[in-house]
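**Student:** Take these sequences, add in the hints, and give me the full structure.
Residue strings, one per chain:
There are 2 protein chains.
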Amino acid sequence: MYLLSDILGRPAADIDTPALVIDLDAMDRNLAVMAAFAAKHGVKLRPHAKMHKSATLAKLQMAHGAVGVCVQKTSEAEALAALGVNNIYISNEVVSPFKLKRVVALARELEALGGQLAIAVDSMEGLQRLAKAVHGQHCVIRVFIEIDVGHGRCGTAPGAAAVPLAAEIAGHPALQFGGLQAYHGRAQHFRSVAERGESIAQVIAHVLATTAALQAAGFEVPLVTGAGTGTFSLEAASGVYGELQAGSYLFMDRDYASNERDPAQPAFEHALFVKSQVMSVCADHAVVDAGHKSHAIDSGLPSVHGLPLDYANGGDEHGILRGALLPAIGETVWLIPGHCDPTVNLHDHLLGVRGGLQHGKVEQIIRVDARGALT
Amino acid sequence: MYLLSDILGRPAADIDTPALVIDLDAMDRNLAVMAAFAAKHGVKLRPHAKMHKSATLAKLQMAHGAVGVCVQKTSEAEALAALGVNNIYISNEVVSPFKLKRVVALARELEALGGQLAIAVDSMEGLQRLAKAVHGQHCVIRVFIEIDVGHGRCGTAPGAAAVPLAAEIAGHPALQFGGLQAYHGRAQHFRSVAERGESIAQVIAHVLATTAALQAAGFEVPLVTGAGTGTFSLEAASGVYGELQAGSYLFMDRDYASNERDPAQPAFEHALFVKSQVMSVCADHAVVDAGHKSHAIDSGLPSVHGLPLDYANGGDEHGILRGALLPAIGETVWLIPGHCDPTVNLHDHLLGVRGGLQHGKVEQIIRVDARGALT
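From first to last, the protein sequence lines stand for chains A and B.
Every letter in the first sequence is one number past the one before it in the UniProt record's numbering, and letter 202, counting from 1, is 202.
Every letter in the second sequence is one number past the one before it in the UniProt record's numbering, and letter 350, counting from 1, is 350.
Source of the hints: derived by calculation from the structure; they are not laboratory data.
Any given hint could turn out to be false.
Claimed, not checked - A few chain B residues that don't get close to chain A, going by computed Cβ distances all over 10 Å:
hint : residue
1    : Leu60
2    : Val103
3    : Cys139
4    : Ser192
5    : Val193
6    : Leu357
To be verified - Here are the simulated lysine to aspartate or glutamate pairs, EDC-like style, with alpha carbons at most 16 Å apart:
hint : chain 1 : residue 1 : chain 2 : residue 2
7    : B       : Lys59     : B       : Asp28
8    : B       : Lys361    : B       : Asp16
9    : A       : Lys101    : B       : Asp16
10   : A       : Lys101    : B       : Asp25
11   : B       : Lys361    : B       : Asp25
12   : A       : Lys361    : A       : Asp14
13   : A       : Lys361    : A       : Asp6
14   : B       : Lys101    : A       : Asp310
15   : A       : Lys361    : A       : Asp16
16   : B       : Lys101    : A       : Asp14
For clarity, every value in this text was computed on a predicted model and none was experimentally measured.
From the three backbone atoms N, C-alpha and C, an ideal C-beta is built for every residue, glycine too.
**Tutor:** In structure tokens:
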């Protein structure tokens, strides 16, 4: 290993492999495109920081207009708050009394930083545990009721099931009803524009039914939050969503390139790459030094950037390349990871390159502050 | 997060989730079974430390008779050597001149610790790069020629192709011919005893053909090293292998439970678990807080320990449980990971529990020293 600081300012060619590299020019363009979209459509942007797990990138997104970030885990929120990110929404359920103490401590910390903590709930049990933890602790937590809009994971049933939860929230002065958490994760990766359109139309119908039930019971819904990089233009156009949680737009998963392009959705570029090196070559394949300990494969294998080669899984530390023209031992091969979020989580640092992957230089070393933050 | 030291001595019930937990009693039994097997069959054991990435566990294996450990990466070797592991074999090709400098520094470090470094090569190009790096550096590196015995990844063709490599090694006083690296990774997971038997018979034929070619050219083969947890009894019985590289036996992947049991192979117990908690329950499923950021899924999803529940992938941070009797919010669910190696690599620490998962106590915190060591 080199000292990380030694690589700053050096050519990208000198980066030891495998390494996770950001094309900073592409990332900056993605950042600007998303900021312009949110501004044009009058929706707030709260990118999901579970993707990059970096306080530096969270603050960069907030400097470009994001109102704050989402996270999935209490420990992710703690890692980002410790580095000054002051507006964090845990878009997920937390039910352990031990963790809920940490959630309350975090709420106080964010208030001290001039921001606020929000969290999702989807059950009376979870809500009462949260209320017990925050009682008498001199802070206010914004609470979103998560509804299952078709993903089939967490969330209450849409409609009247949200009413008793809103009533319970109203009974606790330390809790403030934030609105609805409504995210359909699987729909992000439905391949055709038509499928995504149909599923998000159902999502919106579920949100409207829930809002109507809450209004009939006397509860206004301050905000509907959700959406991801595959569908956010649909949620933005609905007039129902006030906040978008897309996160992958910054780096762009290889998997999203398999989606049929929706003309209403702005285009993003791949900005995250695994730099790898050819270590072995035989008659019908070459082997690179990047296997699934360097990139996540839950959304499929990486593609090879700029070369007509297919990547096959060679295990934890190997990738098998096949194609008409194989690279030679020692050559560099850039891979585009299938899914950025769990890929970033495998690395301690992201190396930001300016001026192109081939001839650029390392301008920035970005720490993955919440890497491995599971609790 | 709690301070890690706070959890020492506390009940396993107090471990925050998700967390990676070792059943120390089961691990100790696996350790003893493997040591007894190697002693009985007169073969050396050099477990693959890419599995646990821990100097503590490497030293524990060496205290139980292992001659040293294997690793896949230079940085893994560096992390273990820095903590006193003095006999390390990089069972993989290294071709970057920058990394080869590190390999040579490591060889000197291990010699100073009274041990030795070994490395695999599979090409003249790689061998000449290694020879150039070590030239005049006052250390000796043991070199194994890797042959492709059917896995289809790295390795020269079996037979005569190894001869020029052995001749080249003989021409460099700083290189010492160690023997043959012959590992068929995929065969470990062939389901039937018959398939594994046939494939390892072919492996052994390839090794014998290569040994014969080398002997005909005047080169003795000091050692044949290889084998994994799925097949090692076959390699051990061959009389051809002098050293076994099995690593997973210590923890046992869930995937190995799908192999048809070979009576000649000793039985191991699952000793590695992800502790998770139920965070949401609805009519037809429950959701736990452990997704594929807490366990690797390259060899399939985890199974649920001791409960008649099926685990489905719920994304980075969620698992979906289905079954006749669903657990309630807040309940603990223990998962058995599909593949231990990349699962351990997702965690900074392993919590060792003594006295059973339900009622035991945390006896040991084991750092994953080479976590994320990719280069």
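**Student:** Any of the earlier hints contradicted here, and which numbers?
**Tutor:** 10 and 14
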